[in-house]
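Trainee: Based on the hints, put chain B in the right spot on chain A.
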Amino acid sequence: MTSANPAGRPPRDPGLQPERTALAWNRTALAVAVNGVLVLRAGLVGSAPLFLGVGAVLLLAAAGATAYSSVRKRQLLRAVGAPPTSSPTALALAALVTLLASGAGIASILTIR
Amino acid sequence: MASDEWPLANAGAGRHPQYWKPASDEEHQMQNPRWRQQGEEPDYRFTLANERTFLAWIRTALALLAGGVLLHQFSHSLGPRWVVVALAVLLAVIGAVLSVIAYTRWRANEIAMRTGEPLPFTLLLPLLAGFSLVTAAVIAVLMVFG
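Chains as they are written, first to last, in my numbering: chain A, 1 to 113; chain B, 114 to 259.
So here's chain A without its partners, still in its complex pose:
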């Protein structure tokens, strides 16, 4: 699987792994952005500045995930031999952002009207 062809390059990946992985990060960024907008709306409707702040953080996180998707794609495309494995830090951050969004969501449901 990792045997190099005559040109000394790794064989083309038939599963398009880099592209699929980058797209998965992109879709996740989109889902984070949707929740960011919803929290922002809660802040505007209930005039609660805390939610405005959390919404802004979530939108920034969505931008970060989008950036990471292209970083990850480049990493994977550039790799010769075995590409770098998943970063536990990036994945833990994604889970933490989701937890933050959930906290804000629950708080907005319970406190705004």
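Don't read these hints as lab results, they were simulated from the structure.
Fair warning: this is a prediction, and the values are worked out from it, not measured in the lab.
Certain hints may be false.
[Stated by the list, open to error] Simulated restraints on C-beta separations:
| id | chain 1 | residue 1 | chain 2 | residue 2 | range |
| --- | --- | --- | --- | --- | --- |
| 1 | A | E19 | B | L236 | 24 to 34 Å |
| 2 | B | R147 | A | S47 | 39 to 49 Å |
| 3 | B | S190 | A | G15 | 39 to 49 Å |
| 4 | A | G15 | B | R147 | 27 to 37 Å |
| 5 | A | P49 | B | L232 | 43 to 53 Å |
| 6 | B | T217 | A | A67 | 20 to 30 Å |
| 7 | A | G46 | B | Q151 | 48 to 58 Å |
| 8 | A | L52 | B | T228 | 45 to 55 Å |
| 9 | A | V80 | B | H189 | 52 to 62 Å |
| 10 | B | V254 | A | G81 | 49 to 59 Å |
| 11 | A | G81 | B | A249 | 46 to 56 Å |
[Stated by the list, open to error] Rough simulated footprint, nothing fancy, chain A against chain B, three-plus residues with beta-carbon under 8 Å:
| id | region |
| --- | --- |
| 12 | 154-161 |
| 13 | 173-180 |
| 14 | 212-223 |
No residue lacks a Cβ here, since even glycine has one placed at the ideal position from N, Cα and C.
Mentor: Positioned in the frame of chain A, the structure of chain B alone reads:
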């Protein structure tokens, strides 16, 4: 064999000849917890599939959360209100729980692949399907009788 080449495999290699710098000790600790040093590095396609599975669970969590918040913010003609609020909170709480499970499951899968054990069994899928069904049923009842 030109069509077998990975066209961008070496893109930027000139600019960053040493893309994988040896990590400093601190970076090493962050990126390489102890479980990452045991067992064998699995086929990279499997690790990437595991990363995408994690992301799919995160999106599921975010979708449930968005569903709960949307239900609360936009369903003012549905009643009784306390049922709507309870359902919205439940959806958001399940989103929070799923975000934690997504990470622990990713980690468990990663360890299983490294040590050659079978992947951990999970009841998550039937539970999630059942919960989605109940949610849809409750909303349908609220729409008809609420």
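Trainee: The structure should be examined with respect to each hint, and the outcome stated for every one.
Mentor: Hints versus structure:
no.: 1; hint: E19/A - L236/B: 24 to 34 Å; result: holds, 32 Å
no.: 2; hint: R147/B - S47/A: 39 to 49 Å; result: holds, 48 Å
no.: 3; hint: S190/B - G15/A: 39 to 49 Å; result: holds, 47 Å
no.: 4; hint: G15/A - R147/B: 27 to 37 Å; result: holds, 30 Å
no.: 5; hint: P49/A - L232/B: 43 to 53 Å; result: holds, 45 Å
no.: 6; hint: T217/B - A67/A: 20 to 30 Å; result: holds, 26 Å
no.: 7; hint: G46/A - Q151/B: 48 to 58 Å; result: holds, 49 Å
no.: 8; hint: L52/A - T228/B: 45 to 55 Å; result: holds, 46 Å
no.: 9; hint: V80/A - H189/B: 52 to 62 Å; result: holds, 58 Å
no.: 10; hint: V254/B - G81/A: 49 to 59 Å; result: holds, 57 Å
no.: 11; hint: G81/A - A249/B: 46 to 56 Å; result: holds, 48 Å
no.: 12; hint: 154-161; result: holds (count 6)
no.: 13; hint: 173-180; result: holds (count 5)
no.: 14; hint: 212-223; result: holds (count 7)
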